[in-house]
Amino acid sequence: MPKNAALSYPIQEPVRPGGRQSPLVSKDPHRLNDLDLDSWKDYPEILTDSLWIMPERDSTGVHSAEYHGNFIPQIPHQMMLRYTRENDVVLDPFLGMGTTMLEGLRLGRHVIGVELQESVCHATRSIIQKAANPHGVSSHILCADSCGPQARELVAARLEELKRDRAQLIVLHPPYHDIIHFSKLENDLSNAQDLSRFLHMFGDVVANFASLLESRRYLVLVIGDKYADGEWVPLGSRTMDVVIKNGFTLKSWVIKNMSGNRAKRNLDNLWRYRALRGGFYIFKHEHVLVFRKDR
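Start counting the sequence shown at 0; every next residue gets the next number (numbering that gives the first Met the number 0).
You may find that some hints are simply not true.
Computed beta-carbon distance windows for the label pairs [what the hints assert, rightly or not]: (1) 135 to 243: 35 to 41 Å; (2) 268 to 41: 25 to 31 Å; (3) 39 to 125: 37 to 43 Å; (4) 277 to 47: 32 to 38 Å; (5) 254 to 40: 22 to 28 Å; (6) 135 to 228: 49 to 55 Å; (7) 272 to 45: 17 to 23 Å; (8) 147 to 40: 44 to 50 Å; (9) 147 to 266: 34 to 40 Å; (10) 185 to 294: 29 to 35 Å; (11) 50 to 266: 20 to 26 Å; (12) 206 to 281: 33 to 39 Å.
Hints are computed from structural coordinates only; laboratory data are not their basis.
All C-beta atoms, glycine included, are put in the ideal place defined by N, C-alpha and C.
Please take these sequences and the hints and turn them into a complete structure.
See the structure below:
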């Protein structure tokens with residue numbers, strides 16, 4: 000498949016999430032989701048607290064944890080149920096191995112994903128081709144740099160193919176600066192030479208796609224903090240400021256536990272020793288920041 004090619008599937012009529020047979024609550028195009036609030040007790044699977052304790056990742060379907068840096072499927076799953084409707088469009092500028100896209104297939108959301116590395120694009124296409132598509136939605140995988148204008152043009156073209164001019168949700172799961180180096184590419188955020196450069200590059204991504212998000216709709220940022228030279232580096236709050244400066248309002252700040260993190264698996268005693276010796280606490284959480292576009 001050529002570079003920048005997209006996987007597309009025919010669009011079918013939407014089906015209610017979870018297989019519920021009752022009709023959709025409203026045809027109001029401004030409604031954020033398909034939840035029937037008259038029956039709000041019927042949705043125990045939807046989280047509303049700001050602390051998420053998830054001891055293990057959802058491994059159903061073709062989800063994989065082998066790509067170091069994947070986030071857990073439960074995060075895009077929850078965000079799509081809360082902030083999108085069936086047949087809406089979700090944009091993921093850091094697609095990776097397609098976690099957001101797989102959840103889009105499961106829930107009946109079209110997903111446009113941008114990935115920098117061609118090898119990862121090819122691997123993700125293979126995964127998506129094997130995945131079930133019960134709702135007949137479209138999946139577009141674009142190999143491009145999310146910091147640059149070409150990526151925006153490619154996304155705009157895919158939106159036009161879907162007869163849309165805006166997406167209804169953006170999901171961002173960028174590298175946590177240089178904790179993991181995903182490639183040797185200069186324009187890879189994980190290779191930013193310092194924090195200032197990382198935040199500048201991240202800001203380019205937010206600015207690049209903010210105008211492609213429908214007004215009053217949501218952007219979700221998933222990121223963790225890091226240690227460097229004995230100092231806690233608050234990537235969560237620093238990237239939060241970048242998003243707010245691009246015309247967004249912070250609506251929620253969720254803390255998700257990282258109990259299944261591979262980097263610390265089977266190393267609990269070593270990390271405990273390091274913490275006692277270094278005078279710090281071991282962070283076992285990630286930030287899930289929810290913003291609304293106000294302009």
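Structure-based check of all given hints:
1. Checked against the hint of 35 to 41 Å, the pair residue 135 and residue 243 passes, with Cβ atoms roughly 37 Å apart.
2. One distance hint, 25 to 31 Å for the beta-carbon pair residue 268 and residue 41, is violated here, with the actual separation near 44 Å.
3. Taking the beta carbon of each, residue 39 and residue 125 are about 40 Å apart, inside 37 to 43 Å as hinted.
4. Roughly 36 Å separates the CB atoms of residue 277 and residue 47, a value that falls within the hinted 32 to 38 Å.
5. Our hint of 22 to 28 Å for residue 254 and residue 40 holds, since their Cβ atoms are close to 25 Å apart.
6. The supplied range of 49 to 55 Å is met by residue 135 and residue 228, whose beta-carbon atoms lie about 51 Å from each other.
7. The hinted range of 17 to 23 Å is not satisfied by residue 272 and residue 45, whose Cβ atoms lie roughly 40 Å apart.
8. One distance hint, 44 to 50 Å for the beta-carbon pair residue 147 and residue 40, holds here, with the actual separation near 47 Å.
9. Take residue 147 and residue 266: their Cβ atoms lie about 38 Å apart, and the range 34 to 40 Å holds.
10. The hinted range of 29 to 35 Å is satisfied by residue 185 and residue 294, whose Cβ atoms lie roughly 32 Å apart.
11. With their beta carbons about 24 Å apart, residue 50 and residue 266 fall inside the hinted range of 20 to 26 Å.
12. Judged by the Cβ atoms, the range 33 to 39 Å given for residue 206 and residue 281 holds: they are separated by roughly 34 Å.
Comparing the model with each numbered hint stated earlier shows that hints 2 and 7 do not hold.
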